[in-house]
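Colleague: Chains as they are written, first to last, in the working numbering: chain A, 118 to 446; chain B, 118 to 446; chain C, 118 to 446; chain D, 118 to 446.
Hints are not guaranteed to be accurate.
[To be verified] In silico DSSO-like pairs for lysine-lysine, Cα to Cα no more than 30 Å straight-line:
id, chain 1, residue 1, chain 2, residue 2
1, B, K414, A, K311
2, D, K398, A, K386
3, D, K168, A, K398
4, C, K140, C, K119
5, C, K414, A, K398
6, C, K140, B, K386
7, B, K386, C, K168
8, D, K398, C, K398
9, C, K386, C, K119
10, A, K168, D, K329
11, C, K414, D, K311
12, B, K329, A, K398
13, B, K168, C, K329
14, D, K311, C, K311
15, C, K329, D, K386
16, A, K386, D, K311
17, D, K386, A, K168
18, C, K386, D, K398
19, A, K398, B, K386
20, C, K386, B, K398
21, B, K398, A, K329
22, A, K386, B, K398
23, A, K414, B, K386
24, B, K168, C, K398
25, B, K386, A, K311
26, A, K329, D, K168
27, D, K414, C, K398
28, C, K414, D, K398
29, A, K398, A, K119
30, A, K119, A, K168
31, A, K419, D, K311
32, B, K414, B, K311
33, C, K311, D, K168
34, B, K386, C, K398
35, C, K119, B, K329
36, B, K329, B, K119
37, B, K398, D, K398
38, B, K414, A, K414
Source of the hints: derived by calculation from the structure; they are not laboratory data.
There are 4 protein chains.
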Amino acid sequence: MKAFEIVQGSTGLDGLRRVERSKPAPAPGQVLVRIRAASLNYRDLAVASGKYFSGPLARNTIPLSDGAGEVEAVGEGVVAFRAGDRVVATFTQGSPPAALGSPLDGTLTEYAVFREDGLLPIPGDLSFEEAATLPCAGVTAWNGLTEGRVLRPGDVVLTLGTGGVSILALQLAKIAGARVLITSSSDEKLERAKALGADVTINYRRSPEWEKNVLEATGGHGADQVVELGGAGTLPHSYEAVAHGGEIALIGVLTPPEGNLSPHPLMRKNATLRGIFVGGKHLFEGLNRAIVVNRMKPVVDKVFDFDAAPEAFRYLESARHFGKLVIRI
Amino acid sequence: MKAFEIVQGSTGLDGLRRVERSKPAPAPGQVLVRIRAASLNYRDLAVASGKYFSGPLARNTIPLSDGAGEVEAVGEGVVAFRAGDRVVATFTQGSPPAALGSPLDGTLTEYAVFREDGLLPIPGDLSFEEAATLPCAGVTAWNGLTEGRVLRPGDVVLTLGTGGVSILALQLAKIAGARVLITSSSDEKLERAKALGADVTINYRRSPEWEKNVLEATGGHGADQVVELGGAGTLPHSYEAVAHGGEIALIGVLTPPEGNLSPHPLMRKNATLRGIFVGGKHLFEGLNRAIVVNRMKPVVDKVFDFDAAPEAFRYLESARHFGKLVIRI
Amino acid sequence: MKAFEIVQGSTGLDGLRRVERSKPAPAPGQVLVRIRAASLNYRDLAVASGKYFSGPLARNTIPLSDGAGEVEAVGEGVVAFRAGDRVVATFTQGSPPAALGSPLDGTLTEYAVFREDGLLPIPGDLSFEEAATLPCAGVTAWNGLTEGRVLRPGDVVLTLGTGGVSILALQLAKIAGARVLITSSSDEKLERAKALGADVTINYRRSPEWEKNVLEATGGHGADQVVELGGAGTLPHSYEAVAHGGEIALIGVLTPPEGNLSPHPLMRKNATLRGIFVGGKHLFEGLNRAIVVNRMKPVVDKVFDFDAAPEAFRYLESARHFGKLVIRI
Amino acid sequence: MKAFEIVQGSTGLDGLRRVERSKPAPAPGQVLVRIRAASLNYRDLAVASGKYFSGPLARNTIPLSDGAGEVEAVGEGVVAFRAGDRVVATFTQGSPPAALGSPLDGTLTEYAVFREDGLLPIPGDLSFEEAATLPCAGVTAWNGLTEGRVLRPGDVVLTLGTGGVSILALQLAKIAGARVLITSSSDEKLERAKALGADVTINYRRSPEWEKNVLEATGGHGADQVVELGGAGTLPHSYEAVAHGGEIALIGVLTPPEGNLSPHPLMRKNATLRGIFVGGKHLFEGLNRAIVVNRMKPVVDKVFDFDAAPEAFRYLESARHFGKLVIRI
């Protein structure tokens, strides 16, 4: 079967290469999936460049954590799935949990085997491409909005940028009845966000102190929930933008934070900073219910052919995307 | 000024009579409001018939707890409102809180004075009639959905009947991204509920064991949140219909419960029964934010003229309504 | 090896009989335990009498859900335990969870095998007898106090009776800094409860309307948390005894509830009734941490020899005990 | 009457001076209190030195936020108190809330008037000196332990230093059944903490990377709850010491934070940083219930005479204290 690998010790995208591997067979309790679509996250760039927190790869590894496909065969004892089922894999697999795409082999491959409990049915009538956007970015956005502080209809949600997690957070926050503010450096992307339901758009290039826009648009109240995805230097602004009693959901990025990182503004506002790292299968199931009931379609910005995978990585690196990038396999 | 009173010791709707009272003046800290619309709740029938938990009225009392209008004048020291403001009164007033319509004089009158902290601005562009539906029924529905168990998009909400609280709960649950099931004895009312977004409708006359319909429509899962507004005999069915880990929000009704009231089904499901009695000003403010952000319009079934107030009471008693009944003043 | 069985279809304690069974061997992933102590719960009487919710036993079954002992051998692949470890079994085993003592074979036996994830280390220096009190009664009491409504130091806890769960709840509530009220029909048992830290004792035989004692002892406030273990007719009293915003943790009993079971008193108090059925491994681990840090010793009322097991069942039936009854094996 | 003032624009302790003021009289709704004891907080040093967030004082102000005393007279309409009652004032007064000691006149005076709702009865049999330790430091410690993440018996609490808030947190955490770790640069102070129940003591002078001691003492688990009171540079260590799913309660200090303040360690641990600023009257009432039920005595390190007030400020500045410093009036 065909696949891509990132070579051991890789420190950049030139470590990505197309390979042939032998097609795996499902052991007892395992499910063999014909992957149809895989999606990219910033994490995958970090892994390829050796900058992920676990360091450079210790062995050649198939990249990407997110994938959806069709069950081709099941191993002995598998009861939850059978051939032909449309499935999506969870970000981590097994116990203790390990993530696909590093340290485990990932989804940029024609075939992969998963434990029975490492798969979920594709929610509703989502396409393979749409379902592939969910395991990391979708669950992260869902975690940021539904765990920790309770989000109620009418609350103010601020989400930073127009990447995969942010656009999914925008869609989910609208489904939950929230008022959504979003930032970008591109007016065109902000227009697309508006079309998806964003109530207030802020161009942070024109308004570098964008927390002032947030406060102004909310009558001084601020954002009840901040989906903090920011690159360099956003956190100090989020500290100012968060409302009294609000929460900043802190989601990992490549860029190290900059500026005055003292969290003292949280004190007088009794506000909270909550660290987020994707989320477990239980959250994924909740996300899927929300998608089905509300007929939500994740935004797939661009679909690349399998052989164009390196191009997809570079497109993500260039940050030109809006929502998710997907590779069709 | 004109008003209606329920006479002391009244045990039925014939205790309701039209009177003239002198127009009040706002004391320091008070606000004089020209009431424009008042709405009815089952509680008002109970008060008129002497069956409310506090017993027959101890003095002649202006009925109805819910009203909206225009500020005509403010007393010394009032800073939050001024003449011309469109306002809605909170269900209870003062500290310790006492409810309008009993024991306090209510809103079925041309003019009333309120403490400054007993009023809120009418949310968004709601009409007086629409705003008048909120203080008791709206806040109750909001409490039932947003306090206690956390409601997330995709959760299953079951609401009983098509009265004021139930239809507001339906609208709010849809805003929150939930899947909504609703019961009624009338197919025509169920059609109207569907038009408001209800996902599943159940005619409990045709399906007296309607918990089976709930379980069937949810693949055996049941309802995560039940808005239990039922008349005689619904509670045993709700015990069966609630999901594992779910919550029944128990909201007061006139009719005493019937049937096997043992809550033992809650045990194996780790489910919860939560008693609800309207809710404080803080909840009303949250409800109003949700209404504004989601441009929600409460359903006003029928508007009666002031002089037709007794007819409105009788209409409510006949349970022919769908949503709220309002009297224009 | 020696064991006791309850014969298929048994409807009373005469269905309990001593048998010889062959000693099991641990399959891969399993742990063989030499059981040293087992403890009894009301549930075990219900199982023996065929009155448990699942009905009479479908096959001869070793009774009792709670047991502690020593690891004798481990199967292939087991990493968490090794021979000699002191362990206690969890109430349910496997996935989906099934309870020991029915439908699974239980702990009244010399040897039993468990899945690796169905055991925990005995907390601290508890004896086998003390550890055997925890899986059902201890976890239930912990669930009743630590899930649902948040218990804070200074809160009022009311626990009903002096059986196993109630006395464990008393001990745990004191560890959590609560003020504890307890009921019994026996002054002597109430004295023992006082010695364990109970702040207020109520003889419900002398005070059949014991909710009045609760209200009086708390200045009209009532109990923030009620551990409702009651027999016939306690629930209506608990509805009156619970405080505004309080919670009644409803725990299963044999006796069907009696009296006016309408939960309407919960409404005006915004109080909650929460169904409880033991609790998962995660709760057991939390309980064990609390025990270790606070050097808590569960109260073992009486220890019976293995051959006296039928006597232990009858002693429990007579309700003469205070705390837990244990059989040494 | 005698009092101390901090003069307008003061930038240090030489701005503190003894004055005579005229004894106030209670207006309607007010209570006149003969202050018997007042206690100091770091905040009071910041106010005197003009370094408090609100900047140098705009007018001569009586310092100290915390005081307890006896009611001498009540104004018209006061129902909750009468002459002779032993009372303690809440940190903030009125609505919107303003703090005693800045911007409002504080408690370092013979007499002061308070609104009826700005006082609480002294809990149990605490002395005036003990009660005076509660309004700022006690409520802050209580907030840090009981709001946000739910604290359960057996949880690990880490509190930093041996100042007023930290020692109160130690006492309250032990009452709640927690395992408590505490840091100090003084072995003698650590011995005193041990005598109050501290389970693990860490000398951060000898162990500058004290997070390692925390992890070691907890088998790698870390602290479920960190009471972060630290001076310069503690926050990066707390980020490492907090457990998976744990919470750092961030409490204000004079010293600006230092070191790598990036909160990224919170992400992989799903941990939370919660800003805390004292807490409302509701929390103070909860604290008082906990104190009464558990007969807790706040630790008063040293009592100064009224005329020695400047000495008390300097003693606090020198950080030689353990627990609270109080001035008897």
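Colleague: Please go over all the hints and tell whether each is borne out by the structure.
Modeller: How the hints compare with the structure:
With a C-alpha separation of about 23 Å, the suggested pairing of K414 of chain B with K311 of chain A holds against the 30 Å cut-off. Taking the CA atoms of K398 of chain D and K386 of chain A, the gap is about 17 Å. The hint holds against a cut of 30 Å. As the CA atoms of K168 of chain D and K398 of chain A are separated by approximately 49 Å, the hinted pair breaks the 30 Å bound. The suggested pairing of K140 of chain C with K119 of chain C holds, with an alpha-carbon distance near 9 Å, which does not exceed 30 Å.
For a cut-off of 30 Å, the pair hint linking K414 of chain C to K398 of chain A is broken: about 37 Å separates their Cα positions. Among the hinted pairs, K140 of chain C with K386 of chain B is inconsistent with the structure: their alpha-carbon atoms are about 36 Å apart, more than 30 Å. Distance restraint check for K386 of chain B and K168 of chain C: the Cα-Cα separation of roughly 19 Å lies within the 30 Å cut-off, and the hinted pair is therefore satisfied. As the CA atoms of K398 of chain D and K398 of chain C are separated by approximately 38 Å, the hinted pair breaks the 30 Å bound.
The straight-line distance between the Cα atoms of K386 of chain C and K119 of chain C is roughly 54 Å, outside the 30 Å bound, and the hint therefore fails. Distance check on the hinted pair: K168 of chain A and K329 of chain D sit about 25 Å apart at the alpha-carbon level, within 30 Å; holds. In summary, the hint linking K414 of chain C to K311 of chain D is supported, as the alpha carbons are separated by about 23 Å, within the 30 Å threshold. Simply put, K329 of chain B and K398 of chain A have alpha-carbon atoms about 29 Å apart, close enough for the 30 Å limit, and the pair holds.
Between K168 of chain B and K329 of chain C the CA atoms are separated by roughly 25 Å; this keeps the pair inside 30 Å, and the hint holds. Using a Cα cut-off of 30 Å, the hinted pair K311 of chain D and K311 of chain C holds, with the two alpha carbons roughly 29 Å apart. Distance check on the hinted pair: K329 of chain C and K386 of chain D sit about 48 Å apart at the alpha-carbon level, beyond 30 Å; violated. With a C-alpha separation of about 34 Å, the suggested pair K386 of chain A and K311 of chain D falls outside the 30 Å cut-off, and the hint is violated.
A distance of roughly 19 Å separates the Cα atoms of K386 of chain D and K168 of chain A; the hinted pair therefore holds under the 30 Å criterion. Taking the CA atoms of K386 of chain C and K398 of chain D, the gap is about 21 Å. The hint holds against a cut of 30 Å. Using a Cα cut-off of 30 Å, the hinted pair K398 of chain A and K386 of chain B holds, with the two alpha carbons roughly 21 Å apart. Straight-line distance between C-alpha atoms of K386 of chain C and K398 of chain B comes to about 17 Å, which keeps the hinted pair within the 30 Å bound.
A threshold of 30 Å between alpha carbons decides the hint, and for K398 of chain B with K329 of chain A the separation of about 29 Å falls inside it, so the pair holds. For a cut-off of 30 Å, the pair hint linking K386 of chain A to K398 of chain B stands: about 21 Å separates their Cα positions. Only pairs whose Cα atoms come within 30 Å are accepted, and K414 of chain A paired with K386 of chain B is rejected, the gap being roughly 33 Å. This hinted pair does not check out: K168 of chain B and K398 of chain C have alpha carbons roughly 49 Å apart, beyond 30 Å.
With a CA separation close to 42 Å, the supplied pair K386 of chain B and K311 of chain A exceeds the 30 Å bound. Between K329 of chain A and K168 of chain D the alpha-carbon distance is near 25 Å, which keeps this suggested pair within the 30 Å criterion. Note on K414 of chain D and K398 of chain C: the hinted pairing is violated, with a Cα-Cα distance of about 37 Å set against a maximum of 30 Å. Simply put, K414 of chain C and K398 of chain D have alpha-carbon atoms about 37 Å apart, too far for the 30 Å limit, and the pair is violated.
Distance hint between K398 of chain A and K119 of chain A is fulfilled; the C-alpha atoms sit about 28 Å from each other, no more than 30 Å. The hinted pair formed by K119 of chain A and K168 of chain A meets the criterion: a straight-line CA distance of about 26 Å does not exceed 30 Å. With a CA separation close to 62 Å, the supplied pair K419 of chain A and K311 of chain D exceeds the 30 Å bound. Taking the CA atoms of K414 of chain B and K311 of chain B, the gap is about 16 Å. The hint holds against a cut of 30 Å.
Taking the CA atoms of K311 of chain C and K168 of chain D, the gap is about 53 Å. The hint is violated against a cut of 30 Å. A threshold of 30 Å between alpha carbons decides the hint, and for K386 of chain B with K398 of chain C the separation of about 17 Å falls inside it, so the pair holds. A C-alpha spacing of about 46 Å is found between K119 of chain C and K329 of chain B, which places the hinted pair above 30 Å, so the restraint is violated. Straight-line distance between C-alpha atoms of K329 of chain B and K119 of chain B comes to about 51 Å, which puts the hinted pair past the 30 Å bound.
A distance of roughly 18 Å separates the Cα atoms of K398 of chain B and K398 of chain D; the hinted pair therefore holds under the 30 Å criterion. Taking the CA atoms of K414 of chain B and K414 of chain A, the gap is about 27 Å. The hint holds against a cut of 30 Å.
Hints 3, 5, 6, 8, 9, 15, 16, 23, 24, 25, 27, 28, 31, 33, 35 and 36, counting from the list given before, are not met by this structure.
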